[in-house]
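Peer 1: As a plain string of letters, each chain reads:
There are 2 protein chains.
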Amino acid sequence: MSGEKMKLYWFSGSTPCWRVLIVLEEKGFHDNTELKHIDLFKQEHKSAEVIKLNPRGQVPTFVDKDININESHAICDYLETCYGDCGKKLIPSEKRAMSRVLQRMHEAHNNFQNAIIENIIYYCMLTEKEKWDHDLLERKYVIARNELQRWEDYLKKVHEEGGIYIVGDDFTMADIYLYPHVAFCVRFGLDISTYPELEKYYNTLAQRPSINKTWPPTWRSTNDEYRYLTKL
Amino acid sequence: MSGEKMKLYWFSGSTPCWRVLIVLEEKGFHDNTELKHIDLFKQEHKSAEVIKLNPRGQVPTFVDKDININESHAICDYLETCYGDCGKKLIPSEKRAMSRVLQRMHEAHNNFQNAIIENIIYYCMLTEKEKWDHDLLERKYVIARNELQRWEDYLKKVHEEGGIYIVGDDFTMADIYLYPHVAFCVRFGLDISTYPELEKYYNTLAQRPSINKTWPPTWRSTNDEYRYLTKL
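From first to last, the protein sequence lines stand for chains C and P. Mapped onto our numbering, the consecutive letters of the first sequence carry residue numbers 1212 to 1443. Mapped onto our numbering, the consecutive letters of the second sequence carry residue numbers 1212 to 1443.
So here's chain C without its partners, still in its complex pose:
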């Protein structure tokens, strides 16, 4: 390990890893970070090298010189707080703007993730298909649709006012918390055209260099197998 370079252990398709990659790119650190891809299917996250840095054996695992920090949201906060002046500022200093960014960050982290990703994708992933409780799934779909509609409404207002990002006219940490979740849903079968404002957001931000460049390489091909969100 270089004594000076940042180092990130990551996995293609992990939204927590993707979040960190986007922050590194926005801050101008990406090309100077040693990236080590960890194949979860080969249990590489349980290797001695990773466990030493991250006893939970998870990715992202991150090193900045002699500082080691792992949880994705912690890494994002750390990079923004310690390197606020490098590259793009991702959490504004002005109180009102900050409050809006923090609000959407944590709604994306908690509500969006719980209502859709944990609630349906992880449920379907972790339960044998023969054991899926279809009545329960129907109730989960209602919750997920309501959550998607809420973000659709947020973005409708943004678009009406001429903005393109989740808080309006500025790309912020709120987009970095939200966007990988939206893309994850699309990856797992969400027909994004059902939600035209979300579709516009999804397509517009896909062109942003920090997002386009760090797009999970394994997502460049189609996923026909795990389409859990087709009913939303």
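Since the hints were derived computationally from the structure, they do not count as laboratory data. Check before you lean on any hint, since a few could be wrong.
The list treats identical chains as one, so a pair stands whether inside a single copy or across any two.
[Unchecked claim] Straight-line alpha carbon distances no greater than 25 Å define the calculated DSS-like cross-link-like pairs of lysine-lysine that follow:
(1) K1218 <-> K1263
(2) K1442 <-> K1306
(3) K1247 <-> K1306
(4) K1411 <-> K1253
(5) K1340 <-> K1257
(6) K1424 <-> K1257
(7) K1367 <-> K1257
(8) K1218 <-> K1247
Fit chain P to the known structure of chain C by using the hints.
Peer 2: Same frame as chain C, now just chain P:
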């Protein structure tokens, strides 16, 4: 509503609300904040007054003059960032210390909460007792015990080094993220004496004024009914 006072809509027994109350107390704002208790059992969180400020109809709902911010972690971050110099500083500025606090904050928020609170308490709460899947519950207990043991080990090291807080010798936002979870587990039947380091942490910090003063009033009486964690 006063134009100048902060205002918090809260519910006794909600750990997200408790987190915010502790921060307000640590910052010296608690006694100057208008506190409005919202009875979730009476659906008061769905009242027009709350919905206007928080379309999700949840607590905590928070107002600082003309700024409105709701998600508990967002409120905590907001208060610490905007009022860092008031009262107790809760996230250190020095990079290494900050990284440790952020790491434990997000482990408490994600891992502790998922492995124990979501995994067991909410499962038992939201599933009719006759439908509990006991094989699944046994697997959940293993995950929860592992998570508790991890924090037990963290605290063993802290205590050996003479500290009392989760990052050692300083009370920080990491304690504010963690402590209400630990107390919630005790409230729902965890025999904390099974984990002596956690027990010491639990009892020691219970005496801290910000925690003692804001202890959920409804938790002053015993809870004999909802003891979901007796097998941990």
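Peer 1: Evaluate each hint against the coordinates.
Peer 2: Here's how the hints hold up against the structure:
1. K1218 <-> K1263: Within one copy only: 14 Å inside, 45 Å across.
2. K1442 <-> K1306: neither (40 Å within a copy, 46 Å between copies)
3. K1247 <-> K1306: between (37 Å within a copy, 24 Å between copies)
4. K1411 <-> K1253: neither (37 Å within a copy, 40 Å between copies)
5. K1340 <-> K1257: neither (27 Å within a copy, 36 Å between copies)
6. K1424 <-> K1257: neither (28 Å within a copy, 43 Å between copies)
7. K1367 <-> K1257: For K1367 and K1257, the Cα distance is within 25 Å only across copies (24 Å; inside one copy 43 Å).
8. K1218 <-> K1247: within (8 Å within a copy, 47 Å between copies)
In summary, the structure is inconsistent with hints 2, 4, 5, 6 from the numbered list given earlier, while agreeing with the others.
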